[in-house]
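> Construct all of the structure, not just a fragment, from the sequences and the given hints.
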Amino acid sequence: MIQAKNVSLTYADGTVALRDVSLNIRPGEFVYIVGPSGSGKTSLLKLLMGIEFPSAGSLYVMDQPIVKREAGRIRKLRRSIGPVFQEFRLIQGRTALENVLMGMRFLNIPNRQMVNSAKEALTKVGLGHKASVMVEKLSFGEAQRVAIARAVARKPALILADEPTGNLDYDNAINIMDLLYTLKDKNTTVLVTTHATHLIGNYHDTSLIHVEQGKISVEHRGEQK
Amino acid sequence: MRNTFYFIKESIRIFRNNKLSNIFSFLGTALILFLLALVIAVWSISSRLTVMLREEAEISAYFDRDAGNTEELLNLIGQIDGVREVRLVDKEEARSRMEKILGEESGILDLFDENPFEAYFEVKIHLDRMDSVFTQISALKGINYVRENREALEQIEGISKALEVLGYLVIAAVSITTLVIISHMIRQGIYQNHEQIRTLMLLGAPDGFINFPYILLGFMLTFGGGVAATILINTLIHQGYGMLGSTIPFIPLPPKSQLMYGLSIFLLSVSAALGILGSLFGVSTSKKRN
Numbered sequence: 228m229i230q231a232k233n234v235s236l237t238y239a240d241g242t243v244a245l246r247d248v249s250l251n252i253r254p255g256e257f258v259y260i261v262g263p264s265g266s267g268k269t270s271l272l273k274l275l276m277g278i279e280f281p282s283a284g285s286l287y288v289m290d291q292p293i294v295k296r297e298a299g300r301i302r303k304l305r306r307s308i309g310p311v312f313q314e315f316r317l318i319q320g321r322t323a324l325e326n327v328l329m330g331m332r333f334l335n336i337p338n339r340q341m342v343n344s345a346k347e348a349l350t351k352v353g354l355g356h357k358a359s360v361m362v363e364k365l366s367f368g369e370a371q372r373v374a375i376a377r378a379v380a381r382k383p384a385l386i387l388a389d390e391p392t393g394n395l396d397y398d399n400a401i402n403i404m405d406l407l408y409t410l411k412d413k414n415t416t417v418l419v420t421t422h423a424t425h426l427i428g429n430y431h432d433t434s435l436i437h438v439e440q441g442k443i444s445v446e447h448r449g450e451q452k
Numbered sequence: 022m023r024n025t026f027y028f029i030k031e032s033i034r035i036f037r038n039n040k041l042s043n044i045f046s047f048l049g050t051a052l053i054l055f056l057l058a059l060v061i062a063v064w065s066i067s068s069r070l071t072v073m074l075r076e077e078a079e080i081s082a083y084f085d086r087d088a089g090n091t092e093e094l095l096n097l098i099g100q101i102d103g104v105r106e107v108r109l110v111d112k113e114e115a116r117s118r119m120e121k122i123l124g125e126e127s128g129i130l131d132l133f134d135e136n137p138f139e140a141y142f143e144v145k146i147h148l149d150r151m152d153s154v155f156t157q158i159s160a161l162k163g164i165n166y167v168r169e170n171r172e173a174l175e176q177i178e179g180i181s182k183a184l185e186v187l188g189y190l191v192i193a194a195v196s197i198t199t200l201v202i203i204s205h206m207i208r209q210g211i212y213q214n215h216e217q218i219r220t221l222m223l224l225g226a227p228d229g230f231i232n233f234p235y236i237l238l239g240f241m242l243t244f245g246g247g248v249a250a251t252i253l254i255n256t257l258i259h260q261g262y263g264m265l266g267s268t269i270p271f272i273p274l275p276p277k278s279q280l281m282y283g284l285s286i287f288l289l290s291v292s293a294a295l296g297i298l299g300s301l302f303g304v305s306t307s308k309k310r311n
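First to last, the protein sequences are chains A and B.
Taking our numbering, the leading residue of the first sequence gets 228, the next gets one more, and so forth.
Taking our numbering, the leading residue of the second sequence gets 22, the next gets one more, and so forth.
Since the hints were made in silico from the structure, they are not lab data.
Hints may contain errors.
Covered stretches of chain B (in silico footprint by chain A; criterion: 3 or more residues with CB under 8 Å from a CB of chain A, positions within the stretch not fixed) [claimed, not checked]: (1) 23-36; (2) 232-241.
With a Cα cut of at most 25 Å, we get these calculated BS3-like pairs of lysine-lysine [unchecked claim]: (3) B:K277 / A:K364; (4) A:K357 / A:K303; (5) A:K273 / A:K364; (6) B:K121 / B:K162; (7) A:K346 / A:K413; (8) B:K277 / B:K182; (9) A:K346 / B:K30; (10) A:K357 / B:K145; (11) B:K182 / B:K145.
For clarity, every value in this text was computed on a predicted model and none was experimentally measured.
Glycine included, each C-beta is placed from N, C-alpha and C at the ideal position.
Printed below as a string of structure tokens:
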């Protein structure tokens with residue numbers, strides 16, 4: 228699913244975000260990415276989404292090279308990814324349901340199926356009753372759950388979730404992690420960056436990547452499928 | 022199309038986000054398309070006038086009464102290349118024509134003891150052969166002098182050509198102005214929604230999906246302007262024909278329905294094409310980060 232070999236990322240201002248990172252993540256793997264703030268977790272997800280490009284090394288996501296000149300192909304690749312952004316990136320002036328639908332309208336899903344999937348995803352994150360509420364009227368935690376529903380409803384092959392429980396209380400955080408964990412059974416690869424290390428122990432057969440100062444320092448792998 | 026309703030809703034939302042500017046764009050587009058239609062209508066009328074006058078192009082050949090056989094002269098003129106028709110207008114017909122022209126003032130002709138008019142040959146010609154026909158008729162034995170109405174024809178033709186050039190200039194000006202207005206509105210819409218566009222890009226939406234509501238809005242603004250201009254010009258033609266018909270009846274106006282239909286088709290086609298082009302131009306010149 229993801230192959231990174233000696234990948235480094237240096238931003239235009241000279242900041243080195245990632246150094247010599249090598250990874251091999253299998254389809255259906257559930258991976259936690261942990262580490263202190265500024266360690267490079269979000270930068271790693273940005274690379275995987277083709278928002279940033281490796282300064283050195285090679286990176287493949289679903290067999291597609293992440294290189295700048297392939298921008299058009301990367302856009303297509305993103306249709307197979309369910310992203311949960313740290314800043315949510317919900318579209319203002321729309322309801323929760325419309326936001327979830329917005330991530331699916333261009334995926335060649337029949338209308339009825341699309342609406343059903345969106346409603347189902349909202350229900351799963353506990354927001355079925357707020358489907359028709361404008362997103363700007365939702366709390367931070369609710370907005371975050373809409374962002375998660377948008378990612379999940381697309382039924383992607385890969386979910387890249389940046390701090391998906393960052394604004395949630397314990398119960399909702401567990402609920403969201405349960406939801407993401409169940410996707411593993413559908414062979415969806417899930418990468419979750421998190422500070423909530425207390426939740427990690429709740430799930431078996433997961434992998435853990437520890438990022439510190441742009442380097443992968445610890446890597447525990449779950450069982451091979 | 023699966024997303025038709027979504028695209029229409031998005032376009033309306035983009036319109037509402039910048040309502041005042043979009044309304045002014047619509048009005049501006051309607052006004053310049055109306056001006057275009059006005060020039061085209063005048064051009065069309067003047068062209069028709071020229072064509073009709075060309076068809077009526079004639080010269081008058083006066084002959085020596087003692088020259089002998091007028092029938093022979095009539096035949097000779099009729100054989101000249103460029104002559105469409107020739108007939109003899111005798112003195113009585115010449116006088117009666119003048120009486121018609123003078124109307125109520127025709128009594129002045131009664132002051133003459135004798136009919137002051139001369140018989141002549143009325144020669145209808147192809148306008149482009151006027152020089153050669155004129156020379157050949159003048160050279161015929163028995164022809165005293167030849168009179169032509171070239172000057173008046175050339176003046177009308179000149180006006181028609183000037184209107185044609187003006188028409189092209191106005192078409193160019195209208196096209197450029199509309200393209201600039203619409204593409205600017207589209208760029209403004211894209212700029213105002215850049216966060217949404219960025220999110221859609223990050224979700225993998227193709228450019229066609231992202232851009233379509235903006236293209237649709239540009240099309241609706243311009244085509245709407247075209248529809249408004251069509252209604253305005255048709256109302257004006259309807260009123261104008263009534264007024265012109267009663268005040269200056271000798272102007273050979275084209276059939277009203279033909280002019281209205283032609284202008285409507287032209288305005289709607291031009292506005293649709295400019296709407297799509299302007300929107301595409303606006304979309305393609307907007308800076309978007311992948």
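> Now, for every hint given, state plainly whether the structure supports it.
Here is what the structure says about each hint:
1. 23-36: holds (count 4)
2. 232-241: violated (count 0)
3. B:K277 / A:K364: Violated - the C-alpha atoms of K364 of chain A and K277 of chain B are around 59 Å apart, more than 25 Å.
4. A:K357 / A:K303: Given pair K357 of chain A, K303 of chain A is violated - Cα atoms ~31 Å apart, limit 25 Å.
5. A:K273 / A:K364: violated, 28 Å
6. B:K121 / B:K162: Since the Cα atoms of K121 of chain B and K162 of chain B sit roughly 32 Å apart, the hinted pair is violated (cutoff 25 Å).
7. A:K346 / A:K413: Roughly 19 Å separates the two Cα atoms, so the pair holds.
8. B:K277 / B:K182: holds, 22 Å
9. A:K346 / B:K30: holds, 20 Å
10. A:K357 / B:K145: violated, 85 Å
11. B:K182 / B:K145: OK: K182 of chain B and K145 of chain B at ~23 Å, within 25 Å.
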